[in-house]
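J.: Here is what each chain is made of, one letter per residue.
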Amino acid sequence: MSRRHAAFIALSAGLLLAPWPGHAQSAQGVLAAAIRSYQSLDLDDAAGLLTRALTFQGSDALSRQNRSRALMYLAATELLRDHRDSAFAVSRRLASYEPRYRPSDLDFPPRTIALYDSARRVTPAVFAAAPADTALRAGEMLLVRLFGSTYHQIQAALMRESGTPLRILYAGPITDSLDVRWDGRDSSGATVPNGEYRIAVESRDAGGRLVRSLRLPLSISRIVSDTLPSPQALASAAFLPERRPVGPALGAFAPAVAVGAAVLLLPNAVAGSESNGSSKGRLVVGATATLAGIYALFRRHPGDAIPENVARNQVMRVGWRAAADSVARANIARRRDVRLRVRAGEPVVQGPEAP
Amino acid sequence: MSRATAFALAAGLCMAAASPPLVGQSALRLSAAAEGATVRARSLIPSGRERLDGYLFAGEGLLSRGRALLRLRYGQGRLTSDSAGVQPRSLTDGAALLGVAALPWLDFWAGPHARSYVTDLGNQRWLYWEARASANAQLVPGQLQSSFDGWMAVAGRVNVPESFGSARGAEVGLIALIARPALRLRLAYRIDQARLAAGRRETVEAVALSLARDLR
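The listed protein sequences correspond, in order, to chains D and R. Here the first sequence stands for residues 1 to 355, where the numbers follow the numbering used here. Here the second sequence stands for residues 1 to 216, where the numbers follow the numbering used here.
These aren't lab readings, by the way, just hints derived from the structure by calculation. Some hints here could point you the wrong way.
What the hints assert, rightly or not - Here are the simulated SDA-like cross-link-like pairs (lysine to any residue), alpha carbons at most 25 Å apart as the crow flies:
#	chain 1	residue 1	chain 2	residue 2
1	D	K280	R	E162
2	D	K280	D	V270
3	D	K280	R	A102
4	D	K280	R	L98
5	D	K280	D	I306
6	D	K280	R	S210
7	D	K280	D	A269
8	D	K280	R	A197
9	D	K280	R	L28
10	D	K280	R	L56
11	D	K280	R	N159
12	D	K280	R	R65
13	D	K280	R	G36
14	D	K280	D	R299
15	D	K280	D	Y295
16	D	K280	R	T80
17	D	K280	R	L103
18	D	K280	R	I175
19	D	K280	D	N268
20	D	K280	D	L291
21	D	K280	R	L70
22	D	K280	R	F57
Fair warning: this is a prediction, and the values are worked out from it, not measured in the lab.
Turn these sequences into a full structure, and let the hints guide you.
T.: Structure below.
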């Protein structure tokens, strides 16, 4: 490779790799520069910069509001450049893109505003705005606000993602704005299943021709409340005994039996062989002790119900049952309280006059 | 067991009695009882067997403070026999026992117990140094309880040529609180037997009914 070729390649690489001022500038910066050029009546530069600002795509693109401003400044610039047709076309494009847009008479001369208004009046378009995320309970409705560019006929319909119509939400005229409400049901009255849907708003001109269709994507899902845990079952240890135990009664009976047995056994235990001919009177003591033991046994009422314990246990059972029923009722209500979650996406314009 | 052992036992009871009282027993309490008993005495003597029946009337006092207990008893009675040639006897029985309430239901006692038989032919006196355990159990709280006593002589003396052998006895009974807490009715059966080293035996049984009253 000759020295001349090498210098050419190096120069070419330098030019290609050098930063380009135009690319480094943001769409917002280009718009600001364009407005300055417009205000200094450097109209050709303003038109070029505005056109360039509108070409930014993706994340670099202008916001909806600034895009509307750029279109309005472009229409004004074209009008000042005596390109009335172009100015009218840009105005229609703006009206179609953002039907809510109204130019400020502080920024634009009356002639420009008049041109824009005339373009807006012949450009039927609708913009839809809905809450980004809504949870609908039974009886509640999703509010979709429609903004019209001008008076015209529209039809708003709920559709599946596939395009199958489910329900006509509104059909009729729109002027400035209109609220459309949807209760989450289709035309048969059934709540729509989870899935992807859209509200399609079709704008028609005076001749009934479809001029624009706007799709508001809706993602439908259900929010089911968690159920409450049932109260823990009462442990048997928590209850008092409901019947008098036999043990204490036997414990009272045993000493009396011991006395009776001792009366019989003591002569032999103490006197041994001399126990023959022991007093029969001792049997009176033994019999009395046995009778006393039987009296003591039944005096303790073994196996009888203990009313106060029964009542206390009953209070505990009733309390537990009430708590369990309360939780069951709350869970029934929670299961019924299924809310429809509606997440609205960004509206998408389709149709012959889409911007 | 020697008399010294008996004294040592009594001294031990005194020391135990000086220990802290059981709950509710620190006040001085005194009760007195009167007893009537049918008595049967049987003697095994070298010349044969004798059986006598009779009665005994006795009085008893019980003093307690804290764990310390003192029991004094004295009774007199008369024993006769249907058999010919058996001399009737006058029976005198007395005891002075020092005790300690080890548990609410268990007492230990020690002290002298004397008994004499007086006949037309002479006078026979027995003296035991006895160690006794008393227990009671509730049958119906506040109404009925049972009692168990067991004792044995740790030393003894008798005024006969033969030397003292042994003595032991037991008593079981029922106590009814008929006027709570002042009046108690007690029905008891007791039996004891004393032996001389030469083989003579004196067995005394009694079925006793006593009425006790708390004096303070």
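J.: Now tell me, hint by hint, if it's right for this structure.
T.: We went through each hint and held it up to the structure:
no.	hint	result
1	D:K280 to R:E162	violated (32 Å)
2	D:K280 to D:V270	holds (16 Å)
3	D:K280 to R:A102	violated (34 Å)
4	D:K280 to R:L98	violated (32 Å)
5	D:K280 to D:I306	violated (43 Å)
6	D:K280 to R:S210	holds (19 Å)
7	D:K280 to D:A269	holds (16 Å)
8	D:K280 to R:A197	violated (29 Å)
9	D:K280 to R:L28	violated (39 Å)
10	D:K280 to R:L56	holds (17 Å)
11	D:K280 to R:N159	violated (31 Å)
12	D:K280 to R:R65	violated (38 Å)
13	D:K280 to R:G36	holds (17 Å)
14	D:K280 to D:R299	violated (29 Å)
15	D:K280 to D:Y295	holds (23 Å)
16	D:K280 to R:T80	holds (17 Å)
17	D:K280 to R:L103	violated (34 Å)
18	D:K280 to R:I175	holds (20 Å)
19	D:K280 to D:N268	holds (14 Å)
20	D:K280 to D:L291	holds (17 Å)
21	D:K280 to R:L70	violated (32 Å)
22	D:K280 to R:F57	holds (20 Å)
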